[in-house]
Amino acid sequence: MSAPENPAPAGAPPAGKPPEKKPPAPSTVGDVLKGSDIQVGGKYIGWSVRDEVRKEGGSGGLVTSILAGALEKGLVEHVVVLKKSSQYEAVPVLTSDVEDVYASAGSMHMLISNPTKYLRQFQNDATIALAVKPCDMRGIREQQKRNMIDLDKIFTIGLNCGGTMMPYKIRKVTEEVYGVNPDDVRAEEIEKGKLILETTDGEHHAQSIDELEEEDNGRRENCRYCVVKIATNADLACGNWGVMPDYAGKGTFVEVMTEKGAEFLRNAIDGGYAELKVASEPAAEARGKVNSIMLKMSAKTKEEVFVPMQSQTMTDLKKELENCIGCGACRTVCPPCACGTEAKCTAFNDPVDNYDISLFHMIRFLHLMDSCVGCGQCSDVCPADIPLARLYRKFANPMQDELNYVTGMDDRTPPFFEIKLEEVQ
Amino acid sequence: MSEVKTTAASSCASSGEFVPKIVMFCCNWCSYAGADGAGVSRFQQPSNVRVVRVMCSSRVDPVHIYTAFLEGADAVLITGCHIGDCHYVNGNDKTLVKYKFIKSMLNEMGMEDDRLMLRWISASEGQQFAEFVTEMVEKVKALGPSPLRKDGVV
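Order-wise, the sequence lines are chains A and B.
So for the first sequence, my numbering puts the first residue at 4; every next one is plus one.
So for the second sequence, my numbering puts the first residue at 1428; every next one is plus one.
Calculated directly from the structure, the hints in this document are not laboratory data.
A portion of the hints provided could be inaccurate.
[Said to hold, decoys possible] A short list of chain B residues far from chain A (calculated; beta carbon distances all over 12 Å):
#, residue
1, F1445
2, D1463
3, G1466
4, V1467
5, R1469
6, Q1471
7, Q1472
8, E1558
9, E1565
10, K1568
[Unchecked claim] Rough simulated footprint, nothing fancy, chain B against chain A, three-plus residues with beta-carbon under 8 Å:
#, region
11, 317-328
12, 358-365
13, 369-378
14, 394-407
No residue lacks a Cβ here, since even glycine has one placed at the ideal position from N, Cα and C.
Generate coordinates for the entire structure from the input sequences, incorporating the hints supplied.
Set out below in structure tokens:
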């Protein structure tokens, strides 16, 4: 199980392996592929050819090397990397310096920000490459459907995501549950259902994620019922699910989703940044298996959260929303929200009306019925601690189920704008 | 003060019976003429409905419906031309899509199914118009005041 590996490159050294050890050479079974062998739909195992990238990057540093290759060979002008401010927090930074790309290493399960709105500011000026969680890419695709982001100018490497954690929460857990000083933690990894923290003295501390989540100390709630774990909507879908034991910690499983993805992968091979081999059938199966286990867990949580909500009445809903201070932060961070500063939800909302449920929320509920990507940022930013993600999903779930529509996974028109003309003609 | 509030909140006629307030959006090219026809032909119908004329049923925005409910309407009715007869090619197809979404949303909020209704009524169907209004007033009377109505709104 792997949560978003660092949206820019690499992962922490895999749990159980002291970082000082020289990175083991990748396995030599099978032939190393040439650039021309890469096909759309192909599944490969890859790693960086650079020793130091492999050392820093837990899963072979393939993502780092693809991004570095794309930048150095001029396929893109900028790369979005993560700049760590602590072991727990990082900010996305736009860079055109390849050293920054190599420097941004270390897996982050605490990265919760969604870069969609951030990308919107730059997308008309430059070509950008970035690593994304599935929900990041869903947001980007929703913006593209609303003509706000040009996908031709963006190259995305999707990372498997089993869920993210709130930085403040993980600090609290480290101190209270693990009994470790949060500042002593050097690396973290999720493996076999356990969250493992490695301290500076080289010791490993493990706790079961299920137990943490029972106390609401684990992943964020929206991640626990998220239905997209593999970013098949991006150009490349990478991750360490499906990496067989002989490659464990040394390779990244990659599936080529688009022609553009194949082009960038070819560039990384021909430019001497990465080596790839064909993934074996059992590897692909193992990846699917991890995915289906994760999806089953999600389905269970989804039931636990939303079935009791079905009996909610209008009074309950009014109660949930009564603390709203009308700051609009939920809209500002919302990845599929495309209107800009003047929008229906703000223009018609007058605080003087003093409705029990403001027009702002009524319109947002409706808009998100066909566009909510379930990133959960609305709940994160809400100063009044309203569980907005859960409320938005409550409205979105029945409609998206009925229409068999998963937001942001393909180019399908948002159902609200899907007008059937055939019936007329 | 409290006395005033009670009288206001009950939204009742002097007899104490609940009088529903219904907002109805009628398409200029069909059901508005249908309403006219109903009047000319003297079909009896209750007077609880406030008709708003729109140029096409697709002009009815979710904001209109929500505002009506939040301002105290007990039900909102939308009427338009039959599918295929739209004056603007496919306006009523758009209405249908919006209607499905808003209906699903209001249901999730805990509103009863009959509070929002869409019906295709053409210019010649005055009889159907009167029947639709009568039927809906009866249904809403049975349901009582809307849960979205704010306490104290008359």
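Against the structure, the hints:
no.: 1; hint: F1445; verdict: holds, 18 Å
no.: 2; hint: D1463; verdict: holds, 26 Å
no.: 3; hint: G1466; verdict: holds, 31 Å
no.: 4; hint: V1467; verdict: holds, 31 Å
no.: 5; hint: R1469; verdict: holds, 35 Å
no.: 6; hint: Q1471; verdict: holds, 34 Å
no.: 7; hint: Q1472; verdict: holds, 29 Å
no.: 8; hint: E1558; verdict: holds, 26 Å
no.: 9; hint: E1565; verdict: holds, 23 Å
no.: 10; hint: K1568; verdict: holds, 19 Å
no.: 11; hint: 317-328; verdict: holds (count 4)
no.: 12; hint: 358-365; verdict: holds (count 5)
no.: 13; hint: 369-378; verdict: holds (count 3)
no.: 14; hint: 394-407; verdict: holds (count 5)
Violated hints for the displayed structure: none, as all numbered hints are satisfied.
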